[in-house]
Amino acid sequence: MKNILLLLVLFSFSAKISHAQDRPKIILLMRHAEKASNGGSDPDLSEKGKAFATLLNTNFAELKIDAVYATDYKRTKQTVMPLAEKNALEIKVYDATKSADLVKRIGDSKDQVIVIAGHSNTVNLVFNELVKSTQLAALPDDEYGKVFIIYYDKGNPANSSFVKMRL
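Under mature numbering (1 follows the signal peptide of the UniProt record, and there is no 0), the residues of the sequence shown are numbered -20 to -1, 1 to 147, in order.
If you're looking for bench data, these hints aren't it; they were derived computationally from the structure. Note that this is a predicted model, so its numbers are computed, not measured. For glycine and all other residues, C-beta sits at the position ideal for the given N, C-alpha and C. Treat the hints loosely; a few may be bogus.
Okay, the calculated beta carbon distance ranges per label pair [what the hints assert, rightly or not]:
{"hint": "1", "residue 1": "E27", "residue 2": "N136", "range": "15 to 21 angstroms"}
{"hint": "2", "residue 1": "G19", "residue 2": "E42", "range": "28 to 34 angstroms"}
{"hint": "3", "residue 1": "K28", "residue 2": "G135", "range": "27 to 33 angstroms"}
{"hint": "4", "residue 1": "T77", "residue 2": "P120", "range": "17 to 23 angstroms"}
{"hint": "5", "residue 1": "D52", "residue 2": "S17", "range": "17 to 23 angstroms"}
{"hint": "6", "residue 1": "K84", "residue 2": "A117", "range": "19 to 25 angstroms"}
{"hint": "7", "residue 1": "K134", "residue 2": "S21", "range": "30 to 36 angstroms"}
{"hint": "8", "residue 1": "A31", "residue 2": "K134", "range": "33 to 39 angstroms"}
Computed cross-link-like contacts, DMTMM-like style, restricted to lysine to aspartate or glutamate with a CA-CA straight-line distance of at most 20 angstroms [to be verified]:
{"hint": "9", "residue 1": "K54", "residue 2": "E42"}
{"hint": "10", "residue 1": "K28", "residue 2": "E42"}
{"hint": "11", "residue 1": "K72", "residue 2": "D122"}
{"hint": "12", "residue 1": "K134", "residue 2": "D91"}
{"hint": "13", "residue 1": "K72", "residue 2": "D52"}
{"hint": "14", "residue 1": "K57", "residue 2": "D121"}
{"hint": "15", "residue 1": "K134", "residue 2": "D88"}
{"hint": "16", "residue 1": "K54", "residue 2": "E109"}
{"hint": "17", "residue 1": "K57", "residue 2": "E70"}
{"hint": "18", "residue 1": "K54", "residue 2": "D22"}
{"hint": "19", "residue 1": "K54", "residue 2": "E70"}
Please put together the full structure from these sequences, using the hints given.
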(Lines of atoms letter the chains of each structure in order from A and count residues from 1; the text may use other names and numbers.)
(Lines give C-alpha, C1' and ligand atoms only; values in the text may rest on other atoms or scores of the structure.)
Protein backbone atom coordinates (compact mmCIF):
# COMPACT_ATOMS: atom_id res chain seq x y z
CA MET A 1 0.00 0.00 0.00
CA LYS A 2 2.79 2.42 0.85
CA ASN A 3 4.42 1.65 -2.51
CA ILE A 4 1.26 2.58 -4.35
CA LEU A 5 0.82 5.78 -2.35
CA LEU A 6 4.43 6.78 -2.92
CA LEU A 7 4.24 6.12 -6.64
CA LEU A 8 1.07 8.18 -6.88
CA VAL A 9 2.69 11.08 -5.04
CA LEU A 10 5.80 10.92 -7.19
CA PHE A 11 3.76 10.58 -10.38
CA SER A 12 1.53 13.54 -9.56
CA PHE A 13 4.50 15.82 -8.89
CA SER A 14 6.39 14.50 -11.93
CA ALA A 15 3.39 15.07 -14.18
CA LYS A 16 2.97 18.58 -12.82
CA ILE A 17 6.56 19.51 -13.58
CA SER A 18 7.24 17.46 -16.71
CA HIS A 19 6.66 20.41 -19.04
CA ALA A 20 9.18 22.62 -17.31
CA GLN A 21 12.21 23.36 -19.44
CA ASP A 22 14.66 22.73 -16.62
CA ARG A 23 12.92 20.03 -14.63
CA PRO A 24 13.26 20.08 -10.86
CA LYS A 25 15.14 17.24 -9.25
CA ILE A 26 13.56 14.69 -6.93
CA ILE A 27 15.65 14.34 -3.78
CA LEU A 28 15.03 11.75 -1.07
CA LEU A 29 16.62 13.22 2.06
CA MET A 30 16.78 11.25 5.28
CA ARG A 31 18.58 10.77 8.52
CA HIS A 32 20.49 7.51 8.77
CA ALA A 33 18.58 4.55 10.18
CA GLU A 34 18.81 3.59 13.85
CA LYS A 35 22.37 2.96 14.97
CA ALA A 36 23.71 0.30 17.32
CA SER A 37 24.37 1.58 20.81
CA ASN A 38 27.74 -0.12 21.23
CA GLY A 39 29.73 1.16 18.26
CA GLY A 40 31.65 4.13 19.59
CA SER A 41 31.72 7.20 17.35
CA ASP A 42 31.09 5.25 14.11
CA PRO A 43 28.59 2.48 14.91
CA ASP A 44 26.94 0.10 12.49
CA LEU A 45 23.18 0.07 12.12
CA SER A 46 21.16 -1.77 14.75
CA GLU A 47 18.96 -4.67 13.66
CA LYS A 48 16.04 -2.22 13.51
CA GLY A 49 18.20 0.11 11.41
CA LYS A 50 19.06 -2.70 8.98
CA ALA A 51 15.36 -3.49 8.67
CA PHE A 52 14.69 0.18 7.84
CA ALA A 53 17.37 0.13 5.10
CA THR A 54 15.65 -2.92 3.60
CA LEU A 55 12.24 -1.24 3.88
CA LEU A 56 13.61 1.87 2.21
CA ASN A 57 14.85 -0.24 -0.69
CA THR A 58 11.49 -2.01 -0.96
CA ASN A 59 9.45 1.19 -0.88
CA PHE A 60 11.56 2.92 -3.52
CA ALA A 61 12.17 -0.17 -5.69
CA GLU A 62 10.26 1.29 -8.64
CA LEU A 63 12.27 4.50 -8.65
CA LYS A 64 15.30 4.81 -10.95
CA ILE A 65 17.88 6.55 -8.77
CA ASP A 66 20.71 8.48 -10.43
CA ALA A 67 22.94 9.32 -7.44
CA VAL A 68 23.32 8.36 -3.79
CA TYR A 69 25.11 10.57 -1.24
CA ALA A 70 26.10 9.79 2.35
CA THR A 71 28.50 11.15 4.91
CA ASP A 72 31.64 9.16 5.62
CA TYR A 73 30.12 7.13 8.46
CA LYS A 74 29.10 3.47 8.47
CA ARG A 75 25.53 4.22 9.57
CA THR A 76 24.76 6.63 6.72
CA LYS A 77 26.35 4.40 4.09
CA GLN A 78 24.59 1.28 5.43
CA THR A 79 21.24 3.09 5.32
CA VAL A 80 21.45 3.79 1.58
CA MET A 81 23.62 0.85 0.48
CA PRO A 82 20.67 -1.34 -0.65
CA LEU A 83 19.37 1.50 -2.87
CA ALA A 84 22.83 2.15 -4.28
CA GLU A 85 23.38 -1.54 -5.01
CA LYS A 86 19.95 -1.94 -6.64
CA ASN A 87 20.75 0.94 -8.98
CA ALA A 88 24.39 -0.15 -9.55
CA LEU A 89 25.70 3.10 -8.04
CA GLU A 90 28.66 3.98 -5.88
CA ILE A 91 27.84 6.02 -2.79
CA LYS A 92 29.24 9.54 -3.13
CA VAL A 93 30.66 10.79 0.16
CA TYR A 94 29.96 14.38 1.16
CA ASP A 95 31.08 16.59 4.03
CA ALA A 96 28.13 17.06 6.40
CA THR A 97 29.46 20.46 7.48
CA LYS A 98 29.27 21.83 3.92
CA SER A 99 25.60 21.58 2.98
CA ALA A 100 25.79 24.50 0.52
CA ASP A 101 28.59 22.71 -1.36
CA LEU A 102 26.49 19.53 -1.55
CA VAL A 103 23.47 21.43 -2.89
CA LYS A 104 25.64 23.17 -5.51
CA ARG A 105 27.11 19.81 -6.53
CA ILE A 106 23.63 18.34 -6.89
CA GLY A 107 22.29 21.39 -8.72
CA ASP A 108 25.16 21.31 -11.21
CA SER A 109 24.78 17.58 -11.90
CA LYS A 110 22.58 16.02 -14.57
CA ASP A 111 21.19 13.59 -11.96
CA GLN A 112 17.41 13.86 -11.63
CA VAL A 113 16.63 11.46 -8.75
CA ILE A 114 18.99 11.70 -5.80
CA VAL A 115 19.18 10.05 -2.37
CA ILE A 116 20.96 11.77 0.54
CA ALA A 117 21.59 10.29 3.98
CA GLY A 118 22.70 12.57 6.80
CA HIS A 119 22.45 12.99 10.56
CA SER A 120 19.96 14.42 13.05
CA ASN A 121 21.84 17.71 13.13
CA THR A 122 22.68 17.95 9.41
CA VAL A 123 19.55 16.84 7.53
CA ASN A 124 17.97 20.17 8.41
CA LEU A 125 20.95 22.08 6.99
CA VAL A 126 20.65 20.35 3.62
CA PHE A 127 16.85 20.68 3.70
CA ASN A 128 17.07 24.42 4.39
CA GLU A 129 19.46 24.89 1.44
CA LEU A 130 17.03 23.07 -0.86
CA VAL A 131 13.65 24.35 0.35
CA LYS A 132 13.61 28.09 0.91
CA SER A 133 9.90 28.35 1.78
CA THR A 134 10.13 26.29 4.99
CA GLN A 135 12.84 26.04 7.61
CA LEU A 136 13.48 22.73 9.35
CA ALA A 137 15.04 22.46 12.81
CA ALA A 138 17.51 19.73 13.74
CA LEU A 139 15.81 16.37 14.20
CA PRO A 140 15.52 14.86 17.68
CA ASP A 141 18.37 12.44 18.34
CA ASP A 142 15.95 9.55 18.88
CA GLU A 143 13.88 10.16 15.74
CA TYR A 144 14.36 7.80 12.80
CA GLY A 145 12.30 6.73 9.82
CA LYS A 146 11.39 10.03 8.14
CA VAL A 147 12.07 10.62 4.47
CA PHE A 148 11.72 14.08 2.98
CA ILE A 149 10.81 13.88 -0.71
CA ILE A 150 11.96 17.21 -2.09
CA TYR A 151 11.23 18.64 -5.52
CA TYR A 152 14.21 20.95 -5.95
CA ASP A 153 13.96 23.75 -8.49
CA LYS A 154 17.50 25.10 -8.80
CA GLY A 155 16.36 27.95 -11.02
CA ASN A 156 13.83 29.10 -8.44
CA PRO A 157 14.47 27.59 -4.99
CA ALA A 158 11.41 29.42 -3.63
CA ASN A 159 9.32 27.04 -5.78
CA SER A 160 10.91 23.94 -4.27
CA SER A 161 8.45 21.81 -2.33
CA PHE A 162 8.49 18.71 -0.18
CA VAL A 163 6.48 15.84 1.24
CA LYS A 164 7.42 14.25 4.58
CA MET A 165 6.91 10.50 4.77
CA ARG A 166 7.36 8.12 7.67
CA LEU A 167 8.34 4.55 6.78
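> Against which earlier hints does the structure fall short, listed by number upward?
Replying inline: When the structure is compared with the hints, numbers 1, 3, 9, 10, 11 and 16 turn out to be violated.
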